[in-house]
Amino acid sequence: MPIAGSLAIETNTLRKTFGNKVAVRGLSLQVRRGEIFGFLGPNGAGKSTSIKMLLGLVQPSSGDARILDCPYSSVEVRRRVGFLPEDFRFYDWLTASELLDLHGRLSGLTADQLKVRVPAYLELVGLSAQCDLRLRGFSKGMLQRIGLAQALIHEPELIFLDEPTSGLDPMGRHLVRDIIRQQRARGATVFLNSHLLSEVEITCDTVVFIKQGEVIATRDLHSSPEGEIHVAIRVGPIASEAVAGLSQWTSNVQLADNRITLSTSSMDVLPEILRHLVAARVDVYEFTPQHLSLEDSFLKIMGEDSGS
Amino acid sequence: MSQLWIITRVTFQEAARRKILWTALLAAAAFLALFGTGMHYQVKDLLASRNIPPVLRYQILLTILQVGLYAIDMLAVVMTVLTSVDTISGEIASATIHAMATKPIARWHLLLGKWFGFAAMIAAYIALTFGGVIAVGYFIGGIVPHGALHGALLVYLECLVLLTTTFFFGTWFSTLTNGVIVLGLHGLAFIGGWLEQIGSVTKSPRLVLVGILSSVIMPSEAIWRRASYVMQSAIGRSLDFSPFATRSAPSVTMVGYAAAYLLVVLALALYRFQRRDL
Chain S
596 MPIAGSLAIE TNTLRKTFGN KVAVRGLSLQ VRRGEIFGFL GPNGAGKSTS IKMLLGLVQP
656 SSGDARILDC PYSSVEVRRR VGFLPEDFRF YDWLTASELL DLHGRLSGLT ADQLKVRVPA
716 YLELVGLSAQ CDLRLRGFSK GMLQRIGLAQ ALIHEPELIF LDEPTSGLDP MGRHLVRDII
776 RQQRARGATV FLNSHLLSEV EITCDTVVFI KQGEVIATRD LHSSPEGEIH VAIRVGPIAS
836 EAVAGLSQWT SNVQLADNRI TLSTSSMDVL PEILRHLVAA RVDVYEFTPQ HLSLEDSFLK
896 IMGEDSGS
Chain W
683 MSQLWIITRV TFQEAARRKI LWTALLAAAA FLALFGTGMH YQVKDLLASR NIPPVLRYQI
743 LLTILQVGLY AIDMLAVVMT VLTSVDTISG EIASATIHAM ATKPIARWHL LLGKWFGFAA
803 MIAAYIALTF GGVIAVGYFI GGIVPHGALH GALLVYLECL VLLTTTFFFG TWFSTLTNGV
863 IVLGLHGLAF IGGWLEQIGS VTKSPRLVLV GILSSVIMPS EAIWRRASYV MQSAIGRSLD
923 FSPFATRSAP SVTMVGYAAA YLLVVLALAL YRFQRRDL
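First to last, the sequence lines map onto chains S and W. Heads up, the first sequence is in our numbering, so the first residue is 596 and it goes up one at a time. Heads up, the second sequence is in our numbering, so the first residue is 683 and it goes up one at a time.
Just so you know, the hints here were simulated from the structure itself, not pulled from any lab data. The structure presented is a predicted model; accordingly, all values stated were derived computationally and were not measured. We treat Cβ as the ideally placed atom computed from N, Cα and C, and that holds for glycine. Fair warning: there could be bad hints in the mix.
Stated by the list, open to error - Stretch by stretch, here's where chain S covers chain W in the computed footprint (C-beta under 8 Å, at least three residues): (1) 741 to 752; (2) 815 to 826; (3) 849 to 858; (4) 885 to 898.
Said to hold, decoys possible - Calculated pairs, DMTMM-like style, for lysine to aspartate or glutamate (alpha carbon to alpha carbon, straight line, at most 25 Å): (5) K616(S) x E867(S); (6) K735(S) x D727(W); (7) K806(S) x D863(S); (8) K710(S) x D659(S); (9) K735(S) x D707(S); (10) K895(S) x E809(S); (11) K735(S) x E693(S); (12) K616(S) x D664(S); (13) K710(S) x D687(S); (14) K735(S) x E758(S); (15) K701(W) x E630(S); (16) K895(S) x D696(S); (17) K710(S) x E752(S); (18) K895(S) x E796(S); (19) K616(S) x E696(W); (20) K735(S) x E696(W); (21) K806(S) x D687(S); (22) K806(S) x D959(W); (23) K701(W) x D687(S); (24) K895(S) x D773(S); (25) K806(S) x E693(S); (26) K701(W) x E752(S); (27) K806(S) x E671(S); (28) K710(S) x D959(W).
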């Protein structure tokens, strides 16, 4: 149980219905301060509605949430929160500098602070050269970048990023990844909603999988992922008793052409499996644990859940 | 409160960039040119006719001036509705509002800031166009209508009533539906105004009642008729039936009602916007 004050977000069975349609069934999650938190789910899982509820854009039908130890609906807490909407758009007659100046002032920054931060954040997102260009001349990727800058300019403690890399080229995605890590380094919490699972995998500390507005699985991407390790073992001749003995760690053992494949629930059992094979006088040529990619986990979890 | 003024300023700038505003200004400029030319020749003809008494000459010019003000009123009404019709519903639909609504600013400040921005833009439009007609009347016709400022303020009130109604329905409906509803309501008030005047001439109290009821539902047109009344001369006021007839001119009570209507609809819009999902 996290200690009080260590959570950036805490929701308790947050629910949203639109008429008879249930958009979010009961979202309960905890996001620790200072982590990069991935929010994953298929289309229609209730991700956007959940984010909108946490930002006060949509009123929950029931349930409660706290953001940075304040009620989620508090206006003041928004001074400490940044948000990049999916497909960021704004008045297209504003220049990039004017947009940042406007959003900075709306976030409570002073004129002196803006003088420093507007050019600094334009540089951060790689738009210094376009500072006087109107948004109507921006590409989708440039709009995402300036949208990111407006979400960060007041240096919030908690940043919601809704599909921040959509529309970005590989360079842009790399830039966003670096910026997200910089934000964590200064102590901010990042709540990331993205369909690009490869990006999420190398960026996030924790991910949750949601479906129909409920958390169906949580993964800590830095510790041993439970139930996600595939092991490929190339061996010499092996007795059937030795293969059968592996079932004490896994029920999913396959042997073909001197290759054993199995999956196990914990990294901790791998030395025991290896010791078992050596004790059974099996020659081991390769022993390769393979983590399930986040995409594999996603497909597995969503598939399992739909089958249940 | 400073955030409210930031929203007001950016909304004014946004509104001032709308093509419809510049189209309406161009239309007003074209109208003023036409109107000035017409007034010029009318003055010339009137001066040439020595048998027209000065009082009648004054009344003819004043009636022409009323035509000009009526045209400006219609332009201001159309411009008000068309520039503001998508400011709430359109920004919700395009999600433009999300970046602002997630800033540390109360929802009602956001809506009120936008309302002030449009109110300022409409004030500038009316000052320019209304002032243009008055200037033409003064410099070419040599006349100034009675209560010109009073009339201009009433036209402003009429536009604010329509602006507020557009904001209110914008918190409920899409841009297109909103436009249809508000222009439909103004059309209802327009027809109601005529019915009221016809009923007054034909001494039909039921027709007058229908007209009054339409003004209760949407008081915009009634405010124009009050404006027309306060800018008329005594002779003009005695006319029975014309677009500027004031036989059944709305009372000061109707002006008070329109002001109260504006405040109530604005409060309802703020309440609705505060609670609705964005």
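Structure-based check of all given hints:
{"no.": "1", "hint": "741 to 752", "in the structure": "violated (count 0)"}
{"no.": "2", "hint": "815 to 826", "in the structure": "violated (count 0)"}
{"no.": "3", "hint": "849 to 858", "in the structure": "violated (count 0)"}
{"no.": "4", "hint": "885 to 898", "in the structure": "violated (count 0)"}
{"no.": "5", "hint": "K616(S) x E867(S)", "in the structure": "violated, 50 Å"}
{"no.": "6", "hint": "K735(S) x D727(W)", "in the structure": "violated, 63 Å"}
{"no.": "7", "hint": "K806(S) x D863(S)", "in the structure": "violated, 30 Å"}
{"no.": "8", "hint": "K710(S) x D659(S)", "in the structure": "violated, 39 Å"}
{"no.": "9", "hint": "K735(S) x D707(S)", "in the structure": "violated, 30 Å"}
{"no.": "10", "hint": "K895(S) x E809(S)", "in the structure": "holds, 17 Å"}
{"no.": "11", "hint": "K735(S) x E693(S)", "in the structure": "holds, 18 Å"}
{"no.": "12", "hint": "K616(S) x D664(S)", "in the structure": "violated, 30 Å"}
{"no.": "13", "hint": "K710(S) x D687(S)", "in the structure": "holds, 22 Å"}
{"no.": "14", "hint": "K735(S) x E758(S)", "in the structure": "holds, 13 Å"}
{"no.": "15", "hint": "K701(W) x E630(S)", "in the structure": "violated, 47 Å"}
{"no.": "16", "hint": "K895(S) x D696(S)", "in the structure": "violated, 45 Å"}
{"no.": "17", "hint": "K710(S) x E752(S)", "in the structure": "holds, 21 Å"}
{"no.": "18", "hint": "K895(S) x E796(S)", "in the structure": "holds, 16 Å"}
{"no.": "19", "hint": "K616(S) x E696(W)", "in the structure": "violated, 36 Å"}
{"no.": "20", "hint": "K735(S) x E696(W)", "in the structure": "holds, 21 Å"}
{"no.": "21", "hint": "K806(S) x D687(S)", "in the structure": "violated, 36 Å"}
{"no.": "22", "hint": "K806(S) x D959(W)", "in the structure": "holds, 22 Å"}
{"no.": "23", "hint": "K701(W) x D687(S)", "in the structure": "holds, 14 Å"}
{"no.": "24", "hint": "K895(S) x D773(S)", "in the structure": "violated, 29 Å"}
{"no.": "25", "hint": "K806(S) x E693(S)", "in the structure": "violated, 39 Å"}
{"no.": "26", "hint": "K701(W) x E752(S)", "in the structure": "violated, 40 Å"}
{"no.": "27", "hint": "K806(S) x E671(S)", "in the structure": "violated, 31 Å"}
{"no.": "28", "hint": "K710(S) x D959(W)", "in the structure": "violated, 35 Å"}
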